[in-house]
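Q: Residue numbers (the numbering used here), protein chains in the order written: chain R, 1 to 261; chain D, 1001 to 1275; chain P, 2001 to 2259.
Simulated from the structure, these hints should not be mistaken for lab results.
Treat the hints with caution; some may be incorrect.
Unchecked claim - With a cut-off of at most 30 angstroms between alpha-carbon atoms, the simulated DSSO-like pairs for lysine-lysine come out as follows:
| # | chain 1 | residue 1 | chain 2 | residue 2 |
| --- | --- | --- | --- | --- |
| 1 | D | Lys1022 | D | Lys1010 |
| 2 | D | Lys1005 | P | Lys2050 |
| 3 | P | Lys2050 | R | Lys227 |
| 4 | D | Lys1013 | P | Lys2064 |
| 5 | D | Lys1221 | D | Lys1236 |
| 6 | P | Lys2036 | P | Lys2084 |
| 7 | D | Lys1040 | D | Lys1248 |
| 8 | D | Lys1013 | P | Lys2201 |
| 9 | R | Lys75 | P | Lys2092 |
Single-letter residue listing:
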Amino acid sequence: MPLIIKDEYPETLFREDGKRLDGRDNNELRPIKMEVGIIKNADGSAYLEWGNNKIFAAVYGPREVHPHHLAKPDKGILRVFYRMATFSVFDRKRPAPGRREKEISMIVADCLEPVLFLELYPGTSFEVFIEVMDADGGTRCASITVAALALADAGIPMKSLVSAIAVGKIDGKKVIDLSGIEDKAGEADLPIAITWYNEEISLLQFDGDMDLNEMNEFLDLAKEFLKSIHNIQLDTLKSKYIKLQEKTSKNKKDEDKKGDK
Amino acid sequence: MMDVKRIISKIEKDYIISNLRKEERIDNRGLWEYREFRIKSDIISSAEGSADVSLGDTRIITGLKYEVGEPFPDLPNEGVCTVMAELLPIASPLFERGPPDEQSIELARVVDRGIRHADCVQTKKLCIKENEAVYILFVDMYVINYDGNLIDAGGVSALTTLISAHIPEGIMGDNGLEWTGKYLTGEIIVNELPLVLTYGKIDDIIFLDPSLPEELVCDGKISISATEDKITSIQKSGAATFSIDEIKMLGNKTLEIGSKLRKKLNLLQYLSKIE
Amino acid sequence: MEDDEESVEDEFEDFEDEEVSREVVVPGEILTEDVKNFLPGRGTILNKEKTKIISLNIGLKQIKKNYINVIPLRGFYTPHPGDKVIALIVDKNPVKYKCDINAKDFGQLKPKNTVKRGKTRGFRGGSAVQDEISTEKFDIGDILVVKVLSADRLNKPELTTVGKYLGKKTGGIVISVDPPKIPRVIGRNGSMIKMLKNLTKCNIFVTQNGRIWLKGEDIAHERLLIESIYKIASEAHTVGLTDRMQEFIINEKKKRGIE
């Protein structure tokens, strides 16, 4: 155990100037960077930096199910394996997967399944591996966001992307996108994911206490910022292709450009 | 090349061997040439040192964590440094989930031994109080993409991680451990810079840094760790056999190529800048 | 040496069609809200309220007559009867070969589908009869060009090696690209592949599961061809690709000093 620097909770989660400890406003996201196609061996892959969170996701499939008895004759199965690196957290995590990792794996799978057409691939599996290399609060939301990107990158037909974000209450104030310390020391944390084809909630967990009014406000607040996450996802998927289009059409100006609306 | 499969096709095997005979490799390297190394250090904020190393398309992320514990009774004033490796299932369809298999244990062991016997980690500097408290360092390697020769990439990754270390310095005070506010950095912990070089062998052809298809078709491999002037560990793996003359030749090659690589990588540039 | 012809399939011509807009769309993106005049085509779906057509894939938006399609940029290979594909034998038993065809299921090649019918007639105990009941002809690790006889959602694809250009490959090398990029490697009416063949003097056989067999004079030519194919795959969604690739190969040949 690291005995020297203690993982202590600060007395207040706001600075004197009213900003949060990392200098953000209440309604400010941490910096987010996404990339797709970074793992060459995978059928689809994505990488996400969300604040200090650094997460890789890779998709393999559709492929034969191992072990074979898990295969379903009428539909494909989606399996998600969420894992954290030993060095991704303050106290070194034991290498073997724990209960928390198994629970999050299940939650992420349940959250992504509605956008897939598993019934078209009976007897097969889609496997999504999520590897958290660095964690700082909100890894389950980040995992859903990055896994959806990896699925899209694999070319697996999807009704839409899925985006997720946490909203919560710290020191009595409503904030979005809780960091690790805010998550631990705050009063409430509400991770929410949305499937965009029907704009419905596909992940919702909550621990803490809030009244009905607060809950309604949290939901509206989340919806607003889920859009920002979605826009970054769309941009990430497209920009790789669009940049190349622009580069090649610049080199060949005489080539008559078609389709650019 | 063809999508990664457990079985490599006969024509691919023939293709690789017949070209190696002509000293040609598909990626246009010479027999004694490395793929490009790309290194980033201190990328994990939760770790006390880390590295992201790519060798061609092989990529390994390594992080350092520490604990304070009791020393081994026979080494009362020395800290401990352990190396672990995990072949993540994201990295290749050939890797499966589950407890570490032979390949990942071999990777960890070979990298560990290369470091351990080279006077690399100054374990005496990791002692807080004799017989009572020492640092236990965990160097954990995670394979992100697998394109052959994990051992050499892992060796550089582990070494860079140790060099980038910034471990809070503790002293044993009256009320137990106290933090001095300073850090033990790579400058204090790391002395020698051992590098491990892996050679593949097919028939009687030997070549450096096997890529994935080469690794899948080769009869066997040999990994040699060396500092600037000493060989510190050797591991032969696979079903190949090497003649005495070949081993002697590879010993020479290792010192020669290792020395050039050490200069080129200039790993001491990744020392932690922390105060 | 056998003279191989590329397998050009009309079905995939869409990708090469210069009329395809180069607008990149992603899953869930609304393609149109004008459901009166447009119908959802390949790679698209109507939303639940039937008010919008949305994309299911990352791909290029295409309007063909009154259909809206999305030509995928990424994806996996789904076998269809009649497809010619490159297969790798991964296992065999006395009644069938198990073949990896880069699809979700392994393909099955039965010995009776590896010998021409009719040849056996008129002979007593001829060798072909022997072939028909054993799996001695090919070995694990062999590369075959096969045709898909049958494939559906529930059964494993059935393969054959009887037919033009089909059978075992000797020599050369097989590389893989993303299957949706294959039409671009072939080009409109085979224009890209003809250009590649002429300039690199390599034999090329392109198949729909994303695998490409090639064999040239020496490794320098093959290396250039492999790099060119990967470049085509990564720039598959851009316009004027054939001309640019031609320029690229001519320049690279000069640079590398190969004929």
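Q: Determine for every hint whether it applies to the structure shown.
A: Verification of the supplied hints:
1. About 19 angstroms separates the Cα atoms of Lys1022(D) and Lys1010(D), which keeps this hinted pair within 30 angstroms; it holds.
2. Proposed proximity of Lys1005(D) and Lys2050(P) is contradicted: the alpha carbons are some 43 angstroms apart, above 30 angstroms.
3. For the given pair, Lys2050(P) sits about 23 angstroms from Lys227(R) by alpha-carbon distance, which is consistent with the 30 angstroms threshold.
4. This hinted pair does not check out: Lys1013(D) and Lys2064(P) have alpha carbons roughly 46 angstroms apart, beyond 30 angstroms.
5. At roughly 6 angstroms between alpha-carbon atoms, Lys1221(D) and Lys1236(D) fall within 30 angstroms of each other, so this suggested pair holds.
6. Taking the CA atoms of Lys2036(P) and Lys2084(P), the gap is near 39 angstroms; set against the 30 angstroms cutoff, the hint is violated.
7. Between Lys1040(D) and Lys1248(D) the alpha-carbon distance is near 34 angstroms, which puts this suggested pair outside the 30 angstroms criterion.
8. The suggested pairing of Lys1013(D) with Lys2201(P) holds, with an alpha-carbon distance near 23 angstroms, which does not exceed 30 angstroms.
9. For a cut-off of 30 angstroms, the pair hint linking Lys75(R) to Lys2092(P) stands: about 28 angstroms separates their Cα positions.
Of the numbered hints listed earlier, those contradicted by the structure are 2, 4, 6, 7.
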